[in-house]
Structure formats: C-alpha cells, structure tokens
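J.: The working numbering applies: residue 157 is where the sequence shown begins, and numbers increase by one.
These aren't lab readings, by the way, just hints derived from the structure by calculation. It is possible that part of the hints are untrue.
[As the list claims (entries may be wrong)] Using C-beta positions, here's what the derived DEER-type ranges look like: (1) GLY381 x MET182: 17 to 25 Å; (2) LYS490 x MET182: 29 to 37 Å; (3) ARG225 x ASN313: 31 to 39 Å; (4) LEU413 x MET509: 18 to 26 Å; (5) ARG225 x LYS190: 23 to 31 Å; (6) PRO439 x MET509: 19 to 27 Å; (7) PRO439 x CYS511: 16 to 24 Å; (8) GLY229 x THR289: 23 to 31 Å; (9) ASN478 x VAL457: 16 to 24 Å; (10) ASN440 x GLN360: 27 to 35 Å; (11) GLU212 x LYS266: 25 to 33 Å.
[To be verified] As a list, the in silico SDA-like pairs of lysine to any residue whose alpha-carbon atoms are at most 25 Å apart: (12) LYS231 x SER241; (13) LYS505 x GLN428; (14) LYS386 x GLY506.
The C-beta atom is built at its ideal place from N, Cα and C for all residues, glycine as well.
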Amino acid sequence: MKTSVGALAGLFLVVAVTSAVDVNNMQQLEAAKKGNDKRIVIRNLQVPAGVQLNLENLKPGTVVQFAGRVTFGYKEWKGPLIKISGKNIRVEGSNGHSLDGEGARWWDGKGASGGKQKPDFLELYRLDNSVVTGLQIKNTPQKMVLINFCEHLQISNMILDNAAGKGKAFNTDGFCAGVNKDIKINNVKVHNQDDCLCVLATDQILFENAVCTGGNGVSIGSMGGGYTVKGLTVRKVQIIDSFNGLRIKTKKNQKALVQDVTWDDVILKDIQQRGIIVHGNYPNWRPQDEPDNKIPIKNLVINNVRGTVQKGGSNVWIWLGNGVASNWRVSNVKVTGGGLKLPCKGIPKGVNMVCG
157 MKTSVGALAG
167 LFLVVAVTSA
177 VDVNNMQQLE
187 AAKKGNDKRI
197 VIRNLQVPAG
207 VQLNLENLKP
217 GTVVQFAGRV
227 TFGYKEWKGP
237 LIKISGKNIR
247 VEGSNGHSLD
257 GEGARWWDGK
267 GASGGKQKPD
277 FLELYRLDNS
287 VVTGLQIKNT
297 PQKMVLINFC
307 EHLQISNMIL
317 DNAAGKGKAF
327 NTDGFCAGVN
337 KDIKINNVKV
347 HNQDDCLCVL
357 ATDQILFENA
367 VCTGGNGVSI
377 GSMGGGYTVK
387 GLTVRKVQII
397 DSFNGLRIKT
407 KKNQKALVQD
417 VTWDDVILKD
427 IQQRGIIVHG
437 NYPNWRPQDE
447 PDNKIPIKNL
457 VINNVRGTVQ
467 KGGSNVWIWL
477 GNGVASNWRV
487 SNVKVTGGGL
497 KLPCKGIPKG
507 VNMVCG
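Full structure from sequences and hints, please.
T.: Below, the structure written as structure tokens:
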C-alpha cells in the first residue's frame with residue numbers, strides 16, 4: 157500500500173512539473189499562452205524596446221508566475237509595458253523576483269506634462285474573478301499599476317518601489333483604478349511620487365493594510381465626466397512623508413458622484429500640504445475661487461484619522477459648494493502641526509470637524 161501511494165504521489169509530482177512552461181524569450185510567449193500548460197513562468201525575461209509583455213486573453217485557470225528579473229528595453233511610448241487580462245487567473249511572484257522598469261532612463265522631472273514620453277508599467281485589464289499577489293515592482297517610468305474594467309479582483313502582498321525616483325519621477329501613481337467593480341487591495345507597500353491610490357470610477361473598492369510613502373496620498377478624482385465612485389473603504393493605512401494625506405477633488409462645471417466613502421483608522425505622518433482635503437475647485441489648491449456645487453459627495457465617514465502635517469501645510473481643508481456634502485459622519489479626527497489656516501466652506505451642519 158505504501159508503494160502504491162508513493163508511486164501515485166510521484167505521478168502527481170511529474171504532472172505538476174510538466175504542467176508548467178518557462179518563458180525566457182518573447183518568441184516563446186504566444187506558444188505558452190496557446191498551449192495546454194496551466195502555469196506560465198516568466199523567468200529572467202528581457203522585453204525588447206517598444207514591445208509589450210502581452211498576457212491578455214489568458215485561458216481560465218492559468219497561473220502566471222514571475223521569476224528572476226524581468227526588464228524592458230528603452231523607448232519613448234505610452235505603454236503599458238505589461239498587460240494582463242482573463243478570467244479566473246492567478247498572477248504571482250516567486251521569491252527574489254523583480255519587475256524592473258529601470259525608470260531612470262525616462263525620468264526627467266516633467267512626468268506626463270512634457271519631456272520624454274513615458275510608458276505606464278502594468279495594466280490589469282478585464283481581469284475578472286482573479287488574484288494578483290506577491291509582485292515586486294520597481295523603478296517604473298510612469299504609472300505603476302492601472303486597474304481598468306475589472307470585476308472581483310483581489311490584489312495583495314505587493315511592493316511598488318519607486319523610491320529612487322524622488323524629485324524626478326513624477327506621475328508615478330501606485331494603484332490607479334478606473335472603471336471597475338469589487339476590487340480588494342490588501343497588504344501593500346507603495347513608495348512613489350504621485351497618488352498611492354487613485355480612484356476614478358470604481359464601484360466597491362477596499363484598500364486595507366497599506367503603507368504609502370513619498371507620494372501624494374490616497375485620492376478620489378479628479379471627479380468629472382459623469383463618473384461615479386461608490387463604496388470606497390480605506391482602512392488601516394499609513395500615509396508617510398507625502399504631499400497630501402486623504403483627499404477628494406472635483407472639477408468645476410462637471411457632473412459626477414462620490415458616495416459611500418469611508419476613511420477609517422488612518423495614520424498621517426509628516427504630510428507636506430493638506431492632511432485631509434475635500435475640494436470642488438480642482439485644479440486649484442487654495443480657496444482662491446468659488447467651489448462648484450454640481451458634484452455631490454454623500455455618505456462620507458471619517459473615523460480615527462490622526463497624525464501630523466508640516467508647519468507650512470494645513471491640517472484640514474474643505475472647500476465645497478452649498479449642498480454638495482450630505483450625510484457626513486466624522487469622529488476621532490486629530491490632525492495637528494499645520495500652521496497654514498485656510499478658510500473652509502460647505503461642511504454639513506452638525507458635523508464636528510475642526511478646519512484649518
């Protein structure tokens with residue numbers, strides 16, 4: 157009996173080994189996607205300049221594993237350098253792997269506003285009922301992870317590291333969510349030079365157990381274009397040495413909706429400009445013009461948000477048109493240190509929020 161079990165286990169091992177295919181050059185990629193192997197291992201791959209590592213339309217049940225160091229040739233183009241789509245897909249990183257954009261070749265201090273055209277790095281596109289876990293991404297030319305048209309997607313245990321781009325790698329947003337439904341991002345670390353998380357039009361998104369360093373905080377918007385953000389929860393998050401902490405920004409003379417947003421158990425540390433900012437006059441950052449009243453912000457919960465702002469910044473700034481804000485609940489907010497006292501407007505009656 158023991159011999160039979162051992163032989164069976166050995167058979168399973170052989171099947172497991174033979175069901176994986178290694179890809180270490182681009183010529184092998186399409187064959188791997190069309191083949192019968194359920195596990196595709198991207199190992200020590202050098203992607204040519206201007207070529208996308210295209211992992212779209214993967215077969216259901218496919219596991220994509222990144223191993224070793226994956227790099228990309230230099231070209232000025234829009235990217236993304238990697239694109240993944242499919243249903244019931246698992247994307248994972250093996251121990252010691254690195255997805256290295258070598259972004260210093262593009263960084264010129266101008267971001268998306270000019271200079272070199274910089275490719276975005278990774279786009280998760282129509283990736284449904286899937287898991288992305290354990291990836292280590294570094295030195296991206298521009299945006300790090302785009303999430304577009306995905307449903308029921310879980311992202312966890314990722315490190316996005318653009319610390320080397322301080323002062324020059326602008327517009328390197330960490331996770332940027334467009335139109336999606338039911339996204340969970342958990343246990344991640346982001347060190348970058350723009351939003352740690354930006355949400356533009358997602359229905360139900362959880363951002364939990366995260367550390368955001370060096371960027372622009374956690375952001376909704378800029379809202380407009382008829383888009384809706386509904387059901388965003390930011391919980392157990394640290395925002396450190398960042399330009400802003402938590403913010404909602406809406407454009408003037410636009411239509412959109414922000415509803416059912418919760419900021420809970422958030423630590424702010426050494427924020428440069430605004431600890432908490434909700435304003436209806438984007439792209440302005442000061443109360444220099446009247447805020448808009450066309451984009452409602454409903455059911456906002458701010459609980460247990462605490463921390464520090466640098467002396468030249470403001471702890472809390474709210475600048476909204478009449479009637480924009482409704483059904484806000486604010487409790488246990490203690491943001492201190494900011495010496496710039498800006499006037500506030502549009503805080504709902506009965507909400508106890510110290511402005512300035």
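J.: For every hint, state whether the structure bears it out.
T.: Cross-check of the supplied hints:
Roughly 37 Å separates the CB atoms of GLY381 and MET182, a value that falls outside the hinted 17 to 25 Å. For the hinted restraint 29 to 37 Å between LYS490 and MET182, the CB-CB distance of approximately 53 Å leaves it violated. Range check, ARG225 to ASN313: about 19 Å between beta-carbon atoms, so the 31 to 39 Å window is missed. At roughly 22 Å, the beta carbons of LEU413 and MET509 sit within the given window of 18 to 26 Å.
Between ARG225 and LYS190 the Cβ separation comes to about 26 Å, which falls inside the hinted range of 23 to 31 Å. Checking the proposed 19 to 27 Å range against PRO439 and MET509 shows it holds: the Cβ atoms sit about 24 Å from each other. Roughly 21 Å separates the CB atoms of PRO439 and CYS511, a value that falls within the hinted 16 to 24 Å. Between GLY229 and THR289 the Cβ separation comes to about 27 Å, which falls inside the hinted range of 23 to 31 Å.
In this structure the supplied range 16 to 24 Å holds for ASN478 paired with VAL457, their Cβ-Cβ distance being about 22 Å. The hinted window of 27 to 35 Å between ASN440 and GLN360 holds, with their beta carbons roughly 30 Å apart. A hinted range of 25 to 33 Å for the beta carbons of GLU212 and LYS266 is consistent with their spacing of about 30 Å. Only pairs whose Cα atoms come within 25 Å are accepted, and LYS231 paired with SER241 is accepted, the gap being roughly 24 Å.
Restraint check for LYS505 and GLN428: not satisfied, since their Cα atoms lie roughly 29 Å apart, outside the 25 Å limit. A C-alpha spacing of about 23 Å is found between LYS386 and GLY506, which places the hinted pair at or below 25 Å, so the restraint holds.
When held up to the earlier numbered hints, the structure conflicts with 1, 2, 3 and 13 and fits the remainder.
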